[in-house]
Amino acid sequence: MPDTESLKILFIMNPVAGGKHKANWELGIREYFRNRPHKFEIYNTSGENDQESLRYWIKTWKPDRVVTVGGDGTLKLAAEVLLGSNIPLCIFPAGSANGMARELKLSTTLEDCWDTLFNGEAKLIDVIRINGDNICIHLSDIGLNAQLVKYFEENDVRGKLGYAKEIFKVLWKKRLMQLSITKGNTTLIRNAFMIVLANASMYGTGAKINPIGDLHDGLFEVVILRKLSIIELLKMLFLNRPFNPKKTELLQAHSLTIEVKHRAYFQVDGEYLGKTKKVHAQIERDALLLIFPKVKE
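In the numbering used here, the protein residues as written are -3 to 293.
Keep in mind the hints are simulated off the structure, nothing from the lab.
Treat the numbers as computed from the prediction; the structure is a model and nothing was measured.
Among the hints, a few may not be true.
To be verified - Think about it this way: if two alpha-carbon atoms lie no more than 25 Å apart in a straight line, the pair counts; the simulated DSS-like pairs of lysine-lysine are:
1. K119 <-> K292
2. K223 <-> K242
3. K257 <-> K290
4. K257 <-> K170
5. K101 <-> K292
6. K274 <-> K223
7. K146 <-> K119
8. K146 <-> K292
9. K119 <-> K4
10. K35 <-> K4
11. K146 <-> K223
12. K146 <-> K58
13. K146 <-> K35
14. K274 <-> K179
15. K290 <-> K101
Produce the complete structure using the sequences and hints provided.
Here it is, written out as structure tokens:
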């Protein structure tokens, strides 16, 4: 994807992602295009009718590439609009949670972002369709982490210190879930503190929850945390230590259904969706065209 032709690029910017204004990002974008042949537009999300507005923008303006300037929530919004299209999507990591950017080993410097946008490689990736009307690009979960996401959103706390504060609240209230997992003709009965639907491998903290995560294999993983200690969880979140395999179960699936006896916290790609008793997940192969950074020799 060489930086030679004239392109139309739509930037989707979350003005509050990362806990600070995006003035520096916007200034850098405008400065970059000052003496270049490309055309660009910046769409600032408002949280109201963004999906409809973006669909209109893309249909009428017909960008060659779309760039998200924000975190996982901004990426999810763009992906839902671009799903099944031939328009490449690029990530400029500017959020408080940049899980997918970390997954792709993307740099947060604007210079490297430009290199990825114009010289990176566009590849099709799988997504997980959740309950028919939602998609997961990265990681979804039921239980502890979803509860943490809820507290994080409610208190509008940013950064690792904020995360550490909220995690202790969640751990004091942790509850073992009783659940069933139906895959084809097989149903498993389990007790767990958290169950993860993983298209990718790691959380934005660097925690590698899914060691076999692959965005292109036509499968997703189900990670079942059956036993959990405070020390283990803190190590996993902040020291990039994996969960103890003796306390964890890992399944692969094309599709399955999870049913929880009592309603439990649920999140998709960092967006808290409330409490749920049932989640159906199904892989959609080669659904999203994502720009990966250039492999350095």
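Is the straight-line distance between the alpha-carbon of K257 and that of K290 25 Å or less? 46 Å, violated
Within a Cα-Cα threshold of 25 Å, do K119 and K292 meet the stated pairing? Roughly 17 Å between the alpha carbons, so the hint for K119 and K292 holds.
Is it true that the CA of K274 sits at most 25 Å from the CA of K179? OK: K274 and K179 at ~14 Å, within 25 Å.
Has the given pair, K274 with K223, been kept, meaning a C-alpha gap of at most 25 Å? Holds, at about 22 Å.
Holds or violated: K146 to K292, with C-alpha atoms at most 25 Å apart: Distance of about 38 Å is beyond 25 Å: violated.
Regarding the pair K146 and K58, is the alpha-carbon distance no greater than 25 Å? The hint is violated at about 36 Å.
Hinted pair, alpha-carbon criterion (25 Å max): K101, K292. Please report holds or violated. 12 Å, holds
Between the alpha carbons of K146 and K119, is the straight-line distance 25 Å or under? 32 Å, violated
Between the alpha carbons of K119 and K4, is the straight-line distance 25 Å or under? Roughly 19 Å between the alpha carbons, so the hint for K119 and K4 holds.
Given the proposed pairing of K290 with K101, does the C-alpha separation stay at or below 25 Å? 10 Å, holds
For K146 and K35, compute the direct alpha-carbon distance and say whether it is at most 25 Å. Measuring from Cα to Cα gives roughly 39 Å; hence the hint is violated.
Pair hint outcome, K35 versus K4 [Cα-Cα no greater than 25 Å]: Distance of about 5 Å is within 25 Å: holds.
Consistency note: the structure conflicts with the earlier hints numbered 3, 7, 8, 12 and 13.
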